[in-house]
Each structure stands twice: as structure tokens, then as C-alpha cells.
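> All chains should be built: construct the whole structure from the sequences, respecting the hints.
Letter by letter, the chains look like this.
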Amino acid sequence: MLKSTRSKEFAIESLLLAVSAVTVVILILISLFLFGEGAALFKDIPFLDFLTGKNWYPTSEPPIFGLLPLLLGTLLVTAGAIIIAVPLGIASAVFISEIAPPKVAEILKPIIEILAGVPSVVYGFFGLVVLIPRLQQLLDLPTGQTALAGSIMLGIMALPTIISISEDAISAVPDFLKEGSLALGATRWQTIYRVTVPAALSGISAAVMLGMGRAIGETMTVMMVTGNAAVIPGFPGGIFAPVKTMTATIALEMGEVPQGSEHYHALFAIGAVLFIITLLINLIAEAVKRKYRFKVGS
Amino acid sequence: MVTDTFAEGIETEITVMELNLWYGAKQALKDISVDIPKNSITAFIGPSGCGKSTFLRCFNRMNDLIKSCRVEGDVLVGEDNIYESNVDVVELRKRVGMVFQKPNPFPMSIYENIAYGPRIHGEKNKEKLNSIVEETLKAAALWDEVSDQLDSPALDLSGGQQQRLCIARTLAVKPEIILLDEPCSALDPISTSKIEDLLMELKKDYTIVIVTHNMQQAARVSDYTAYFLLGELTEFGETRQIFEMPREKSTEDYITGRFG
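Sequence lines, in order, name chains G and Y.
Residue numbers for the first sequence follow the numbering used here, beginning at 1 and rising by one.
Residue numbers for the second sequence follow the numbering used here, beginning at 1 and rising by one.
No lab work stands behind these hints, which were simulated from the structure alone.
Beta carbons are placed, not taken as given, at the ideal position from N, Cα and C, and that holds for glycine.
Treat the hints with care, as some may be off.
To be verified - No more than 20 Å apart at the CA atoms, straight line, and that leaves these computed lysine to aspartate or glutamate pairs for EDC-like:
1) G:178 - Y:182
2) Y:194 - Y:145
3) Y:38 - Y:197
4) Y:94 - Y:79
5) Y:38 - Y:223
6) Y:102 - G:179
7) Y:67 - G:175
8) Y:203 - Y:11
9) G:178 - Y:88
10) Y:102 - G:175
11) G:178 - Y:112
12) Y:30 - Y:248
13) G:54 - G:44
14) Y:67 - G:179
15) G:178 - Y:91
16) Y:194 - Y:205
17) Y:174 - G:179
Stated by the list, open to error - Chain G stretches covered by chain Y per the calculated footprint, using a threshold of three residues with CB under 8 Å from any CB of chain Y:
18) 176-187
19) 193-207
If you want it as C-alpha cells, here you go:
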């Protein structure tokens with residue numbers, strides 16, 4: 001009896017271990033594949049030329065694979081998204097956790113979760129049909145398909161991540177800290193912006209990093225609204241011009257390239273760079289989050 | 001309920017008249033009337049759940065934060081009835097400071113913790129803030145221990161130091177009254193005695209009300225003691241009288257450790 005229980009335990013534990021090992025193995029295989037296929041490009045083109053090349057002409061003769069316009073396109077769209085999403089996201093999180101009556105918060109929270117569940121192609125469609133014509137009209141632009149349109153859409157898409165993680169961080173600030181502030185004669189608002197939000201700041205930073213990770217990796221929506229012109233965006237006018245992001249480039253061009261060609265390897269190299277960027281962002285977010293957990297515990 | 005009038009020449013700082021308090025339908029404080037004398041230490045004692053902390057929180061209206069809480073009756077701080085509708089709670093809490101059971105310094109530097117109160121009340125002058133920080137840390141007997149690390153995080157201090165920092169933080173807004181809600185329950189005996197010495201020193205300039213579970217502490221530091229049971233003020237008087245000749249049987253049972 002005892003023996004059979006024990007062997008059953010062992011079987012279940014082994015099964016669970018095997019399942020979690022599969023995830024790790026898949027990750028390793030994907031990385032190997034991605035970096036292997038990407039590295040093949042650098043037999044013909046020096047790595048630095050790829051990274052700092054100012055032109056992306058994959059179909060010209062000879063083709064030129066310069067990452068810079070795509071990298072800057074991604075960074076521009078993402079930065080814009082963060083500028084839009086961070087103030088909105090933090091304000092909403094503060095409202096939900098500190099100001100809204102419990103009933104209102106109970107309604108708002110699931111709605112924000114639903115916002116996270118809308119498929120990105122639907123966001124893209126909305127941007128294409130609703131946002132872009134209005135942007136074009138309002139700002140009197142030759143086309144509404146701009147980095148700005150991408151930033152606005154990605155900002156909206158990053159909001160649920162930023163709101164729900166910031167809200168967790170703000171709610172985790174213990175009541176005794178807020179009471180300490182109120183007991184000194186601080187108003188509720190002074191308590192929020194001088195004690196509660198600063199105390200939650202590392203959690204909020206983690207939320208922003210994760211929102212940023214989401215924005216950088218987003219493909220479908222940006223492809224549909226940013227116009228996909230692989231030119232280095234000017235400053236500051238570039239925000240009102242079409243750009244092409246790294247993700248959109250891979251998605252748009254992968255279907256056209258012969259397997260094993262230079263262009264094919266170049267797209268994988270882009271993927272590898274993207275992978276490294278998002279990995280770094282996630283690592284930073286994790287580190288920041290861990291630091292904040294220790295701080296609140298004391 | 002019996003309230004003795006104090007010896008002649010002793011001024012009253014807080015006057016409570018027929019105070020009743022409910023949490024929802026449950027009555028937590030019943031018909032309490034008491035006069036708390038100025039420049040003295042008054043201890044609130046009684047078994048857990050007797051309402052002493054709730055009563056303490058009536059004096060700076062911290063109970064306002066609890067939605068289901070309803071208060072009837074009058075509390076006069078000095079001349080002002082603090083439960084009148086036109087009372088500015090911010091102003092009140094400036095006059096009536098509070099130190100909590102668990103030390104709760106803000107996650108900021110020692111300096112910023114003290115400067116916080118004056119800053120929110122509009123003090124911007126750097127030199128003035130510097131002198132407030134020094135004065136209050138000295139008054140809280142903490143200056144010698146932290147004067148060379150004012151910019152380090154307050155959370156790096158020991159529990160006892162944190163609690164004295166919280167007292168200093170309270171002093172920084174220049175209150176008239178200091179409420180302490182079991183301020184030593186999380187501290188070791190040495191830190192506790194430091195805080196008790198500090199309270200004896202502070203009563204020269206402030207009126208102090210302290211909730212404590214520690215009978216010895218009440219006997220050591222307080223001039224007046226109020227004994228609460230089941231939401232009622234059972235007995236109030238000079239500490240020596242309460243401890244040596246309690247009028248009520250239940251007071252005697254509690255302070256001699258027969259229950260509680």
C-alpha cells in the first residue's frame with residue numbers, strides 16, 4: 001500500500017518534471033534555430049554593417065541589409081506608445097486602487113482584462129478604419145499611416161499590462177504607511193503622490209517595462225497602421241511619417257523570400273535582435289520587481 | 001461612569017461628552033464621558049477588543065477612514081468641537097499627532113521622513129527644514145544615533161529607532177497632543193524603556209494619551225489611567241489610585257492579572 005502510494009507520487013512528480021522540461025527544451029531549440037539561421041547572414045555581411053547599415057533594400061541588386069531604419073522605427077513607435085500609455089496607465093491604476101469606490105473598481109478591473117483579450121488584428125482594423133483617416137485630417141498629413149498611429153494603438157494595447165501590474169503594486173502598499181501620512185495632516189491626494197505611488201514605484205517601473213516588452217513585440221497592429229516605409233525616421237517630424245518596424249518587416253517579407261537566401265537569413269537576424277531586446281527588458285522588469293518585493297516586506 | 005474632577009489648577013485638554021460609536025450595527029463605544037488633562041500622560045488600558053484603540057482614534061478622527069463607522073457625541077480639543085461639520089480634519093490632525101503600533105516610517109531617508117510633515121503643510125525653506133529635523137530628532141532622543149546618516153533609508157534603522165523616528169515625525173508638525181497606539185508592543189525592553197523615558201520628557205510640552213497592553217508600562221509612565229471593558233469606560237482616575245485602590249472589581253481583576 002505504502003509502496004504503491006510512493007511510486008505513484010514518484011510517477012506524478014516525474015511527469016510534471018518532464019512537462020516543465022519540455023518548455024525549457026522548446027525555448028532552447030527556438031533560440032538555437034533563430035540564432036543559427038540569423039548567424040548565417042554574417043558569412044557574407046559583417047555584423048556591424050548589418051547593425052549600423054542605414055538602408056534596408058532587400059530586393060535591390062545587390063541587396064542591402066541595414067537594420068538601422070527598422071530598429072529606429074521600432075524604437076520610435078515604442079517610445080511613443082510608452083509616452084502615451086504610462087501617464088494613462090498609472091493614473092488609471094491610482095484611480096482603481098485608491099480613489100474609485102469598491103463597486104466601480106470591481107466593474108473596471110474586468111473591463112481592463114477584456115481590453116487585453118482583444119485580438120491584435122482587431123486593434124489594427126480599428127486603427128486603419130477609425131484612427132488613420134482622422135489623424136490624416138486632423139494633422140493635415142499626406143497619409144495617416146504614421147509612427148504616431150502605431151504609437152497610439154500600441155499605447156492602448158500596452159495599457160492593460162501597465163494598469164493591472166501597477167494596480168497590484170499600489171494596492172500592495174500597506175495601509176499603515178498611508179495612515180502614517182494621513183495622521184500627519186496630509187490630504188488624500190498628498191498621501192497618494194508623496195507616499196503611496198513612490199512606495200510602489202519599483203512595481204510600477206516593472207509594469208512599464210513589461211508594457212514596453214509587449215509593445216516592441218507587437219506585429220499585426222503596427223503592420224496595419226504604420227505604413228511600412230523602411231526609412232530612418234527624422235526627428236521630430238518622423239513621428240508623423242510612415243515607418244517600418246522590425247516585427248512588421250519579418251511578417252511582411254517572410255512569405256516572399258526563398259528559403260536559405262541572404263534575405264531569409266537577414267530576417268532571422270532581425271528576429272534574433274528582437275529576441276535579445278525583449279529578453280533584456282523582461283530581465284530588467286523581473287529584477288526591478290524582485291527589489292520591490294523585498295522593500296515592501298520590511 | 002464616574003469621572004473625578006482633577007486636583008485644582010489642572011487644565012483639561014480633551015473633553016469627551018457622551019460619545020457613542022458604531023461599526024455598522026455593532027456598538028463599539030458606549031456613552032463615554034471623560035476629561036483628559038493637559039501636559040500629562042493618560043494611559044488607556046483594558047482587554048483586547050474593549051474599544052480603547054477605537055476611542056483613541058476618535059481624537060484625531062482616524063475613524064473617518066472606516067466607512068461603516070458612525071460617531072455620536074462631542075469631543076472637544078481645547079475649545080473646539082472636532083465632530084462639528086465645519087471642522088478641517090487636516091488642521092485637526094496637525095494639532096493631534098499619532099504614533100502607531102507598528103513603526104511605520106515612509107520608505108524614504110531619515111531626513112525626508114521628518115521633513116514630510118512640515119513640507120505638506122507648506123514649509124519650503126531649506127534651512128528651516130534642517131533645523132526642524134535636528135530639533136525633533138533631538139527631542140525624540142535619536143539625534144546622537146543618526147546625525148551622520150540622515151540621508152540613509154529610514155527602513156535600515158532598528159525597530160526601536162524607527163518608532164522614535166515616527167515620534168520625531170509627529171513632533172515635526174508641532175502638535176499639541178500626541179496619541180500613541182500601543183507604541184512599544186513590537187519593541188524589545190531596552191527600546192521600550194527608551195521610549196518611556198522620552199514620553200516622560202515630552203509631557204512637559206505635550207499632552208500624551210497612550211494605549212497599552214502592558215500594565216507595568218501604564219503604571220510606570222502615566223499620570224492618569226482609564227480602564228475600558230466591552231466598549232465602556234469602567235474607571236478613570238489618577239494612575240496610583242487605579243492601581244492601588246481600584247473602585248471597581250473588574251478593574252482590580254484586570255490589573256492583578258486575573259483576566260485579560
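> Work down the list of hints and note, for each, if the structure agrees.
Hints, verified against the model:
no.	hint	in the structure
1	G:178 - Y:182	holds, 18 Å
2	Y:194 - Y:145	holds, 13 Å
3	Y:38 - Y:197	holds, 19 Å
4	Y:94 - Y:79	holds, 16 Å
5	Y:38 - Y:223	holds, 11 Å
6	Y:102 - G:179	holds, 11 Å
7	Y:67 - G:175	holds, 15 Å
8	Y:203 - Y:11	holds, 14 Å
9	G:178 - Y:88	holds, 19 Å
10	Y:102 - G:175	holds, 11 Å
11	G:178 - Y:112	holds, 16 Å
12	Y:30 - Y:248	holds, 18 Å
13	G:54 - G:44	holds, 17 Å
14	Y:67 - G:179	holds, 15 Å
15	G:178 - Y:91	holds, 17 Å
16	Y:194 - Y:205	holds, 18 Å
17	Y:174 - G:179	holds, 18 Å
18	176-187	holds (count 11)
19	193-207	holds (count 4)
Checked against the numbered hints given earlier, this structure breaks none of them.
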